[in-house]
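Novice: With the sequences and hints as input, model every part of the structure.
These are the residues of each chain, in order.
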Amino acid sequence: MQEKRIFRQLSFQPFYVLGFLMIAYAFMIDTPQEMFAGLYRILIAPSNLISDYMAIGSVGSAFFNAGALLVISVAAVQMTGARITGAVAAALITVCGFSFFGKNLINTFPIPLGVWLYAKSQKTPFANLVHIALFGTAMAPIVSEIIFGVGMDYAWSVPIGVLVGVTVGFILVPLSVQFLNFHQGYNLYNVGFTSGIIGMAFVAFARMFAVEITPVRFVYEGDDYMVFMFLLILFFGMTSYGIWTNKGFKGYGTLLKSSGRMVSDFLVEHGVPLVMLNMGLLGLLSLLYVRASNGVINGPIVGAILTVVAFGGFGKHPRNVFPILLGVFITTTFNMYDPSGTESILVGLFATTLAPIAGQFGLFAGLVVAALHNAMAMNIGFVHGGLNLYNNGLSGGFIAALSVPLLNKIQERFSKHEE
Amino acid sequence: MKNEQQKISRIGTELVNYFLFRHVTHLSLYLSLEKGETIIEIRGNIGDSTVDLESILEKLNVPRLVEYDDYYDELLGQDIERALHLVGYLTDKAEVSIRNQQLIIKLWRYMQS
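Chains A and B are the protein sequences, given in the same order. If you're matching positions, the first sequence starts at 292 in this note's numbering and goes up one per residue. If you're matching positions, the second sequence starts at 35 in this note's numbering and goes up one per residue.
These are computed hints drawn from the structure, not numbers from a lab. Mixed in with the good hints, there may be bad ones.
[Claimed, not checked] Mimicking SDA-like on lysine to any residue, the simulated pairs with C-alpha atoms at most 20 Å apart in a straight line are:
1. A:Lys295 <-> B:Val100
2. B:Lys41 <-> A:Phe417
3. B:Lys93 <-> A:Leu547
4. A:Lys541 <-> A:Pro564
5. A:Lys414 <-> B:Gln39
6. A:Lys411 <-> A:Phe461
7. B:Lys41 <-> B:Ile73
8. B:Lys69 <-> A:Val455
9. A:Lys548 <-> A:Phe655
10. A:Lys295 <-> B:Glu129
11. A:Lys414 <-> B:Val100
12. B:Lys140 <-> B:Val50
13. B:Lys41 <-> A:Thr415
14. A:Lys295 <-> B:Leu91
15. B:Lys140 <-> B:His60
16. A:Lys295 <-> B:Gln146
17. A:Lys541 <-> A:Ser531
18. A:Lys414 <-> A:Leu466
19. A:Lys295 <-> B:Ser131
20. A:Lys411 <-> A:Val455
21. A:Lys411 <-> B:Asn37
Specialist: What follows is the structure, encoded as structure tokens:
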């Protein structure tokens with residue numbers, strides 16, 4: 292009888308290192324005065340989509356915000372006693388990525404508090420839900436919007452904003468568990484889908500009382516050399532570390548064969564070296580996509596790239612990501628949207644939430660769902676007023692629900708013919 | 035969150051699905067819910083067909099992840115490809131064997147304090 296494999300989990304150290312590196316880099320880019328002035332502007336921004344912290348604050352302050360939030364999140368996860376599974380690693384890096392456009396040191400805390408209260412009420416260890424708490428910060432703009440966006444007095448807006456954030460966190464777990472069934476695990480940003488539905492209900496309710504969430508578009512379009520170099524060195528370093536510790540590409544073929552459908556915990560099933568290699572390659576592929584699209588690497592795009600990398604331990608790899616990127620790239624070449632625009636590139640990178648469909652049903656299915664996702668993601672932001680940062684998670688849920696039953700039928704028919 | 039009985043029910047359903055999709059002709063499921071330990075054993079007649087025991091064990095022998103107990107178990111019963119991995123995450127020990135044309139999978143799940 293074979294014994295169960297032992298889970299040799301990744302230590303917390305690399306996450307702390309990345310966080311502190313980002314903080315140090317912030318001070319290299321900006322003077323302390325510029326950095327803290329920028330950070331203040333970030334903290335009081337309503338932060339709904341698209342609020343690029345590099346444009347609102349500065350490049351350095353966006354790096355500081357992301358690094359600080361990563362360090363605090365890692366420390367919080369460590370305190371809960373949770374282990375670094377693929378899901379937790381994905382959640383931590385995603386939080387870091389979205390700290391370039393929407394999550395900040397103020398608006399993220401009420402939602403995990405709500406999840407913690409839910410865990411207490413259900414007598415479930417919070418450590419088991421900590422990744423949901425982190426992903427749930429997708430709704431962080433709802434807190435900022437209430438506190439800073441609707442023009443209420445702080446004496447009212449702060450407690451109401453915090454209360455709404457806590458409430459969102461409290462209802463997030465049971466809802467997101469149920470929504471897994473909606474897309475059958477083919478949409479990797481499940482909490483994004485759930486947050487989108489919650490945001491949709493919230494915004495609809497607000498609009499009923501003539502409270503309008505003002506759409507914003509703050510996008511950095513300046514020099515991206517320093518940001519590009521940071522990411523290039525980071526991903527090159529991760530790839531090299533993976534190859535070095537794994538002594539080559541041994542076993543990577545097996546990882547690439549996985550469809551990536553939930554739950555594909557590469558960190559648990561394939562180990563740290565291969566996941567580092569996979570993450571590094573996904574990062575380099577994402578950078579290539581942005582450059583091929585002629586885009587500027589601003590805050591939202593850094594967030595999107597880091598999110599692709601984050602899921603390198605939890606369902607994404609170049610084989611299932613490439614068809615999706617290619618599908619969106621082709622679609623944006625022919626549609627009315629600017630292919631080099633931030634929105635188009637964001638959709639391309641975030642569309643990889645549907646990578647498991649390409650992984651399971653192949654290249655052509657990947658191209659088709661990517662095109663559908665492009666159309667859906669560009670139109671669905673209105674329903675949640677940009678309060679759900681994982682807009683593509685919402686869109687991806689619908690596209691998966693729309694396409695997977697049909698793809699299954701097609702696959703069944705072809706396999707019958709083969710029989 | 036879900037109680038232990040619900041979780042066992044999902045694991046059992048997944049195993050039954052796994053066997054049914056392999057066209058077994060006779061199937062029996064045995065459950066033992068003792069304090070501190072649950073045993074799930076399923077056996078099905080596979081006739082002369084060949085089964086890759088190594089591959090089944092490989093999937094079931096992924097480490098137990100209590101972190102996934104209360105969330106991703108929702109996906110059980112939906113996916114033949116990832117099903118056994120998911121069952122593996124939710125159980126502590128697995129044995130797989132073939133006896134008298136019967137495929138037997140026996141799983142142990144220990145209570146977490």
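Novice: Each hint: holds or not?
Specialist: Structure-based check of each hint:
no. : hint                  : verdict
1   : A:Lys295 <-> B:Val100 : holds (14 Å)
2   : B:Lys41 <-> A:Phe417  : holds (19 Å)
3   : B:Lys93 <-> A:Leu547  : holds (16 Å)
4   : A:Lys541 <-> A:Pro564 : holds (10 Å)
5   : A:Lys414 <-> B:Gln39  : holds (16 Å)
6   : A:Lys411 <-> A:Phe461 : holds (10 Å)
7   : B:Lys41 <-> B:Ile73   : holds (13 Å)
8   : B:Lys69 <-> A:Val455  : violated (41 Å)
9   : A:Lys548 <-> A:Phe655 : holds (17 Å)
10  : A:Lys295 <-> B:Glu129 : holds (10 Å)
11  : A:Lys414 <-> B:Val100 : holds (14 Å)
12  : B:Lys140 <-> B:Val50  : holds (13 Å)
13  : B:Lys41 <-> A:Thr415  : holds (14 Å)
14  : A:Lys295 <-> B:Leu91  : holds (9 Å)
15  : B:Lys140 <-> B:His60  : holds (17 Å)
16  : A:Lys295 <-> B:Gln146 : holds (17 Å)
17  : A:Lys541 <-> A:Ser531 : holds (14 Å)
18  : A:Lys414 <-> A:Leu466 : holds (18 Å)
19  : A:Lys295 <-> B:Ser131 : holds (16 Å)
20  : A:Lys411 <-> A:Val455 : holds (18 Å)
21  : A:Lys411 <-> B:Asn37  : holds (15 Å)
Violated hints amount to a single one, hint 8; each of the other numbered hints is respected by the structure.
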